[in-house]
Amino acid sequence: MTTLVKVTELEKVYQTGEIKFQALRGISLEIQAGDFVAIMGESGSGKSTLLHVIGGLDQPTSGSVWMAGQQLDKMNETELARFRRSEIGFVFQFFNLIENLTVRANVELPALLEDQLKKKEIRRRSEELLERLGISDQANKHPWELSGGQQQRVAIARAFINFPTLLLADEPTGNLDTSSGDEVLDILKDFNQGGQTTLMVTHAASAAKLANYVLFIRDGLIVDRMPGGNEKAIARRLIDLRQRGS
Amino acid sequence: MSAVWKKIVADLFHRRWITFLVTCTVIVSAALLTLALSTLLNLSGPYDKLFDELNSAHLWLHFKPYRVSSMDIRRIEALPGVVDSTDVQYSYFSQVTISNETRAWVDLRVIPLEPPNVHSLKVIAGRYLLPGKDEILIEKYAADTYHVAVGDMIEVTREDNTKAALPVIGIAYDPMYDTYRSNQLPSLFVSQDTFRSQFPDQDTWVWSVGLRLADPEAVDEVLDEIESMRSSEFVDTHTDWRDAKESAVFSVQLTFAFLSAFSIFAIFATILIVVSVVSSMVLSQIRQIGILKAIGFTGNQVSLLYVGQYAIISLVGAGLGFILGLILAPLPLQTITASLGTTYYPPFSFLLMGLVFLIIPGTNILAAWAAARRGAKANVIRSIATGAESPLQKPFWGTRFIEYLGAPMTIVMGFNDTFAKPIRAILTGLNLTLGVIGIVFGLTLSGTLQTYRENPALLGIVYDAFVTRQDSSDGRAQRILSQAPGVQAFYGEYRLRVKTLDGEEFLLRAVEGELSAFPFYIPEGRFFYLDTNEAIVGRGLLDWLDLEIGDSLTLTLAENDRRTETWTIVGVYPEPADAGQRMIVPLSSVLALDRHAASESYYLKVDQNVDLLKLRKYIEPDKDTDLTLTLVEEAIPSSVIFLQLAIFMLGGILVAIAVVNVFIMSLLSTQEKIRVVGILKTIGMIPFQVVVMIITSAGVLGMLAVLIGIPAGLLLTRVLLTTLSNAFGFGLVSVSVNVLVIIFLIPIIISISLLGSLIPARWASRISIVRVLRQE
Chain D
4 MTTLVKVTEL EKVYQTGEIK FQALRGISLE IQAGDFVAIM GESGSGKSTL LHVIGGLDQP
64 TSGSVWMAGQ QLDKMNETEL ARFRRSEIGF VFQFFNLIEN LTVRANVELP ALLEDQLKKK
124 EIRRRSEELL ERLGISDQAN KHPWELSGGQ QQRVAIARAF INFPTLLLAD EPTGNLDTSS
184 GDEVLDILKD FNQGGQTTLM VTHAASAAKL ANYVLFIRDG LIVDRMPGGN EKAIARRLID
244 LRQRGS
Chain B
3 MSAVWKKIVA DLFHRRWITF LVTCTVIVSA ALLTLALSTL LNLSGPYDKL FDELNSAHLW
63 LHFKPYRVSS MDIRRIEALP GVVDSTDVQY SYFSQVTISN ETRAWVDLRV IPLEPPNVHS
123 LKVIAGRYLL PGKDEILIEK YAADTYHVAV GDMIEVTRED NTKAALPVIG IAYDPMYDTY
183 RSNQLPSLFV SQDTFRSQFP DQDTWVWSVG LRLADPEAVD EVLDEIESMR SSEFVDTHTD
243 WRDAKESAVF SVQLTFAFLS AFSIFAIFAT ILIVVSVVSS MVLSQIRQIG ILKAIGFTGN
303 QVSLLYVGQY AIISLVGAGL GFILGLILAP LPLQTITASL GTTYYPPFSF LLMGLVFLII
363 PGTNILAAWA AARRGAKANV IRSIATGAES PLQKPFWGTR FIEYLGAPMT IVMGFNDTFA
423 KPIRAILTGL NLTLGVIGIV FGLTLSGTLQ TYRENPALLG IVYDAFVTRQ DSSDGRAQRI
483 LSQAPGVQAF YGEYRLRVKT LDGEEFLLRA VEGELSAFPF YIPEGRFFYL DTNEAIVGRG
543 LLDWLDLEIG DSLTLTLAEN DRRTETWTIV GVYPEPADAG QRMIVPLSSV LALDRHAASE
603 SYYLKVDQNV DLLKLRKYIE PDKDTDLTLT LVEEAIPSSV IFLQLAIFML GGILVAIAVV
663 NVFIMSLLST QEKIRVVGIL KTIGMIPFQV VVMIITSAGV LGMLAVLIGI PAGLLLTRVL
723 LTTLSNAFGF GLVSVSVNVL VIIFLIPIII SISLLGSLIP ARWASRISIV RVLRQE
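Chains as they are written, first to last, in our numbering: chain D, 4 to 249; chain B, 3 to 778.
Hints are computed from structural coordinates only; laboratory data are not their basis. Predicted model only: the values in this text are computed from it and were never measured. Take the hints with a grain of salt, since some may be wrong.
[As the list claims (entries may be wrong)] Label pairs and their computed distance ranges (CB to CB): (1) E12/D / G298/B: 47 to 53 Å; (2) D227/D / S753/B: 58 to 64 Å; (3) Q673/B / S150/D: 28 to 34 Å; (4) L353/B / E80/D: 55 to 61 Å; (5) I329/B / N143/D: 55 to 61 Å; (6) G654/B / Q25/D: 51 to 57 Å.
Glycine residues also receive a C-beta, built at the ideal position from the N, C-alpha and C atoms.
Please take these sequences and the hints and turn them into a complete structure.
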């Protein structure tokens with residue numbers, strides 16, 4: 004196994020006027036290629052901040068983030084954008100699709116931003132992904148014409164169009180009903196089994212159980228770690244953490 | 003009510019930059035409107051003000067020699083309609099030699115040494131007459147015609163043909179000098195002592211008197227009373243202040259047409275700018291309107307909110323803009339004031355203020371109210387979800403087309419953004435288009451002025467110089483001119499006062515000679531054939547007599563209606579005098595009316611490199627020669643630069659407003675789609691691509707504005723100028739434009755548009771993705 008992501012002594016401080024808020028307090032972790040890692044914690048615990056910093060959406064206050072041999076915290080905005088485009092796929096709770104573009108255009112968008120790729124190749128990839136995710140018949144529709152589950156599938160297809168090294172999913176089932184949520188998780192698991200490294204932030208033990216292991220965050224620190232698979236055990240550990248914290 | 007007020011204050015102060023920029027737009031719009039209205043309301047203001055300042059006479063009576071007595075004058079002054087008079091003024095028609103070379107017939111007039119109570123003169127150069135000195139004050143029109151400057155010497159011919167040289171010590175403007183009255187000689191003013199010493203024989207003096215009337219419009223009634231005082235006619239000619247004013251005003255007719263076009267366009271542009279800015283501003287806040295309705299605001303409260311905001315902004319803006327407009331107001335009128343030799347600051351007027359404060363806040367409030375009503379009627383959920391308009395579901399065909407052409411995705415998205423919300427795009431585009439129209443308008447007016455300056459034939463001045471004769475016969479004059487060095491061609495002219503069968507009098511120009519060598523500009527119809535009874539006429543005459551090309555006109559001499567002659571009108575020419583109320587016919591055709599008709603003045607076309615001294619020496623070999631050569635000066639005075647400045651100022655203001663508006667709209671639309679920008683950056687759009695995407699939208703609007711604005715500007719200028727010049731009796735205006743300049747305009751406007759959106763684009767490219775995502 005090779006280390007894909009290496010985070011060392013990561014700190015993130017948000018400052019609004021005189022008020023400082025420390026979201027991450029020296030987190031270190033490693034993610035191996037092919038891992039499916041879930042991050043759990045209460046609201047405000049720092050899990051989304053960790054995901055954003057690893058995904059190059061935000062810069063750490065101190066510490067370093069290495070991914071696929073590159074140090075993200077030393078990159079400028081343009082380098083980070085190019086890195087995100089080629090190495091990272093994002094799936095969000097609220098899908099974040101572009102409303103006035105069709106499903107196909109949404110999926111193809113990250114690839115089209117890369118000027119070197121040929122349109123035919125991009126079209127082939129998008130059709131393959133839409134087929135695989137069962138939404139090829141929705142290709143010419145707009146996001147508002149689709150159900151939540153279908154929209155999240157479009158977001159997943161978009162995330163995979165550039166064959167990312169790492170998939171980052173932030174509460175991917177948080178805005179879906181149980182059945183749609185399960186379908187989305189099945190898709191993510193399916194990709195992971197094909198070798199896709201995935202880091203997922205979730206509140207739901209039912210989602211976290213699909214991961215190889217689960218990291219628990221509280222007050223900006225990783226406070227526990229356990230293997231995935233057992234939904235009840237994960238839920239219990241989460242409750243324990245809450246009680247210890249209160 | 004207090005909730006609405008609190009929200010008004012919060013909106014105005016929370017988005018203080020937007021408030022500031024919209025207020026600036028309103029200020030500039032109000033200034034533009036003030037400028038346009040004050041110009042339009044004061045076109046004849048400089049003349050009227052000067053007339054009042056000088057307490058000028060409304061009616062001048064010039065008496066026949068030996069026919070009038072002091073008693074007659076006293077009886078005229080005692081008429082009920084007469085409130086004041088200049089007392090009798092004496093004059094003498096004398097031939098003078100100016101600066102040892104130009105000879106002319108002038109009216110030497112006596113004026114009091116102290117500026118009189120009635121009809122004083124406006125000294126515009128040098129000084130007024132001093133006691134005990136033999137000196138001359140020359141009237142401005144005479145000074146302009148004969149290029150006389152203060153310090154020049156004028157040689158006056160006495161009754162006994164001896165000469166006396168007098169220095170010119172000043173140039174004065176006489177508002178009652180009718181520049182286009184063919185029988186009014188140029189005036190030179192001297193003191194009573196100088197006059198008596200040069201022309202001691204009182205029997206040769208011509209008497210005249212100027213009258214101030216109780217009712218300035220009652221000139222004809224007073225004149226009837228005067229003429230009915232005696233059984234025999236004793237008034238030779240008279241000057242009506244309304245004719246003099248018309249002449250003074252007509253001398254700047256082209257300026258009037260241009261200024262009126264400028265003002266009318268500026269008024270419409272102002273209203274459209276205000277409506278588009280306010281409407282698009284309110285429409286960009288429909289999401290907020292949805293939220294306000296969701297928390298309990300009624301439709302009326304929402305309307306009140308925006309009406310209140312824009313009422314405050316527009317009242318502040320209108321006040322400051324009105325002051326700014328008043329400060330700038332003299333500029334467009336400089337062209338007129340310069341030609342009248344005066345200065346003029348349009349006065350503060352309650353009418354002007356009322357109009358500005360009615361139009362600017364009125365359009366602001368109406369536009370805000372209409373947009374807010376539209377927003378308040380929208381479905382709450384839909385308003386919150388999609389804002390003012392749902393983006394179009396299908397991409398614009400142009401977007402698909404440029405995508406098909408292989409344009410980069412960022413440009414395709416920017417292009418699509420322009421048309422995704424068409425109403426907003428139209429409102430922003432409208433502003434930019436107005437800017438383009440303004441510039442095209444300015445360039446076209448300027449180009450047209452330049453063309454007229456370079457080609458005076460368009461103004462009806464087809465000759466380089468003219469020669470007048472006194473005692474020499476027509477044959478002798480023509481013989482001299484046909485052999486004069488450097489004269490390519492000439493034609494002769496004889497002028498007759500004629501009248502229609504309805505009694506309408508005007509001046510007929512009967513011409514003969516090498517007419518085909520002169521570039522007569524005939525915008526309608528054709529030139530007449532020689533030896534026929536065909537005529538070409540000024541537009542003013544056609545309109546006055548309600549005639550058309552092809553119509554016939556029967557005329558008699560004004561003084562003698564025993565014989566009549568009929569002409570067929572075959573064309574229209576730009577007549578520069580008498581409000582275009584003149585007519586040109588072949589000299590041969592007037593012989594039936596006046597069998598002594600023979601050319602009295604001659605119009606010359608000279609070689610480009612003519613030796614003027616040699617030519618003058620040939621035509622005027624010695625001081626006693628009665629032929630006088632006068633060169634034609636520039637048809638359009640250099641003071642027209644002020645008009646050009648004003649027009650470019652208008653263009654500049656409109657472009658500045660358009661840039662500010664593009665900036666506001668780009669900022670608002672970027673704020674609206676900040677979530678989309680966040681998503682695009684998340685999936686890998688680099689900052690440069692964000693900038694390209696946003697400025698592409700502005701660039702497309704700029705391109706559309708150019709495509710629509712240039713032809714619209716050209717059309718508008720043509721229509722406005724033609725309409726106005728026709729209204730001023732000037733006839734068709736030949737509109738010219740420099741095509742290269744217009745082509746050069748295309749990249750400039752697109753660049754300006756791109757520039758307007760650059761700051762919002764750069765701001766969007768730097769937004770924190772995390773902050774955007776957290777706002778969900």
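Hints, verified against the model:
Roughly 51 Å separates the CB atoms of E12/D and G298/B, a value that falls within the hinted 47 to 53 Å. For the pair D227/D and S753/B, the beta carbons lie near 59 Å from each other, so the given range of 58 to 64 Å is met. Take Q673/B and S150/D: their Cβ atoms lie about 30 Å apart, and the range 28 to 34 Å holds. Evaluation of the 55 to 61 Å hint for L353/B and E80/D yields a pass: the beta carbon distance comes to about 58 Å.
I329/B and N143/D have their C-beta atoms about 60 Å apart, which keeps the hinted 55 to 61 Å range intact. The supplied range of 51 to 57 Å is met by G654/B and Q25/D, whose beta-carbon atoms lie about 54 Å from each other.
In terms of the numbered hints stated before, the structure departs from none.
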